[in-house]
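Start from chain A and add chain B according to the hints.
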Amino acid sequence: NAGVTQTPKFRVLKTGQSMTLLCAQDMNHEYMYWYRQDPGMGLRLIHYSVGEGTTAKGEVPDGYNVSRLKKQNFLLGLESAAPSQTSVYFCASSRTSFSYNEQFFGPGTRLTVL
Amino acid sequence: GENVEQHPSTLSVQEGDSAVIKCTYSDSASNYFPWYKQELGKRPQLIIDIRSNVGEKKDQRIAVTLNKTAKHFSLHITETQPEDSAVYFCAASIRSGGGADGLTFGKGTHLIIQP
Chain A
235 NAGVTQTPKF RVLKTGQSMT LLCAQDMNHE YMYWYRQDPG MGLRLIHYSV
285 GEGTTAKGEV PDGYNVSRLK KQNFLLGLES AAPSQTSVYF CASSRTSFSY
335 NEQFFGPGTR LTVL
Chain B
-5 GENVEQHPST LSVQEGDSAV IKCTYSDSAS NYFPWYKQEL GKRPQLIIDI
45 RSNVGEKKDQ RIAVTLNKTA KHFSLHITET QPEDSAVYFC AASIRSGGGA
95 DGLTFGKGTH LIIQP
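Just so you know, the sequences run in chain order A and B.
Here the numbering used here is used: the first residue of the first sequence is 235, the next is one more, and so on.
Here the numbering used here is used: the first residue of the second sequence is -5, the next is one more, and so on.
Excised from the complex, chain A in its bound form (with noise of 0.2 Å):
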């Protein structure tokens, strides 16, 4: 098993431009989430599904949209990047939720917004 996977591990984008980040996983699991991690800031909650088809709102979705067409794939959208949007994104799954089950971690895509 490859666990959860992220593509790209590196973008370097301009100011306005889009973009899309994409999360796969292959362990069955229902519930999938992104986080974004500042330095000094932790992890905060962008945005999180509870099944295909479904997404909502996390902490700071503002500036980003998902969508979850598959059960296995998570999909971050960036519209119109802005420079406050350079970090480190973090996806996520678990079998259900999160509070009785292990949240796995994808290995981050680095996104640095000129």
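Watch out, some of these pointers could steer you wrong.
Listed below are the simulated BS3-like cross-link pairs for lysine-lysine, each with C-alpha atoms no more than 27 Å apart in a straight line [stated by the list, open to error]:
(1) A:Lys291 - A:Lys248
(2) A:Lys243 - B:Lys36
(3) A:Lys291 - B:Lys36
(4) B:Lys65 - A:Lys291
(5) B:Lys51 - B:Lys62
(6) B:Lys65 - B:Lys52
(7) A:Lys304 - A:Lys291
(8) B:Lys36 - B:Lys101
(9) B:Lys36 - B:Lys62
(10) B:Lys65 - B:Lys101
(11) B:Lys16 - B:Lys62
(12) B:Lys16 - B:Lys65
(13) B:Lys16 - B:Lys31
(14) A:Lys243 - B:Lys31
(15) B:Lys52 - B:Lys62
(16) B:Lys36 - A:Lys305
(17) B:Lys101 - A:Lys243
(18) B:Lys16 - B:Lys52
(19) B:Lys31 - B:Lys62
(20) A:Lys243 - A:Lys304
(21) A:Lys291 - B:Lys31
(22) A:Lys248 - B:Lys36
(23) A:Lys291 - B:Lys101
(24) B:Lys16 - B:Lys51
(25) B:Lys31 - B:Lys51
(26) A:Lys305 - A:Lys248
(27) B:Lys65 - B:Lys51
Read the hints as simulated data drawn from the structure, not as lab findings.
This is chain B only, laid out in the frame that chain A set:
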């Protein structure tokens, strides 16, 4: 929403000594408290977790204690080793109407093990 405070931000201990990291949370509805270890450039990995119906949990050199009344929980690492050097994050569950609780993380503790 949930707020998690973590202290200290940096902790330096001699190899073989114990390390204690403390966290407090604000939402009394939180019922799950995991601890993650993150090495430089790597992903966070779960090292231990505790649910609100338990006061203490131990796994070899690592233990976590939870005081629900005071809304604080702590990570204890005994007999520290060089490979324990990393950033440690505490987290608490977010209760949401959707039923898929996210996690609110503390800002992290950089644990340094001195040889």
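Okay, the hints, checked on the actual structure:
no. : hint                : in the structure
1   : A:Lys291 - A:Lys248 : holds, 25 Å
2   : A:Lys243 - B:Lys36  : holds, 12 Å
3   : A:Lys291 - B:Lys36  : holds, 26 Å
4   : B:Lys65 - A:Lys291  : holds, 26 Å
5   : B:Lys51 - B:Lys62   : holds, 14 Å
6   : B:Lys65 - B:Lys52   : holds, 19 Å
7   : A:Lys304 - A:Lys291 : holds, 18 Å
8   : B:Lys36 - B:Lys101  : holds, 16 Å
9   : B:Lys36 - B:Lys62   : violated, 31 Å
10  : B:Lys65 - B:Lys101  : holds, 17 Å
11  : B:Lys16 - B:Lys62   : holds, 14 Å
12  : B:Lys16 - B:Lys65   : holds, 11 Å
13  : B:Lys16 - B:Lys31   : holds, 14 Å
14  : A:Lys243 - B:Lys31  : holds, 20 Å
15  : B:Lys52 - B:Lys62   : holds, 18 Å
16  : B:Lys36 - A:Lys305  : holds, 25 Å
17  : B:Lys101 - A:Lys243 : holds, 23 Å
18  : B:Lys16 - B:Lys52   : holds, 16 Å
19  : B:Lys31 - B:Lys62   : holds, 23 Å
20  : A:Lys243 - A:Lys304 : holds, 21 Å
21  : A:Lys291 - B:Lys31  : holds, 26 Å
22  : A:Lys248 - B:Lys36  : holds, 26 Å
23  : A:Lys291 - B:Lys101 : holds, 21 Å
24  : B:Lys16 - B:Lys51   : holds, 15 Å
25  : B:Lys31 - B:Lys51   : holds, 17 Å
26  : A:Lys305 - A:Lys248 : violated, 31 Å
27  : B:Lys65 - B:Lys51   : holds, 16 Å
In the structure shown, a violation is registered for the earlier hints numbered 9, 26, in ascending order.
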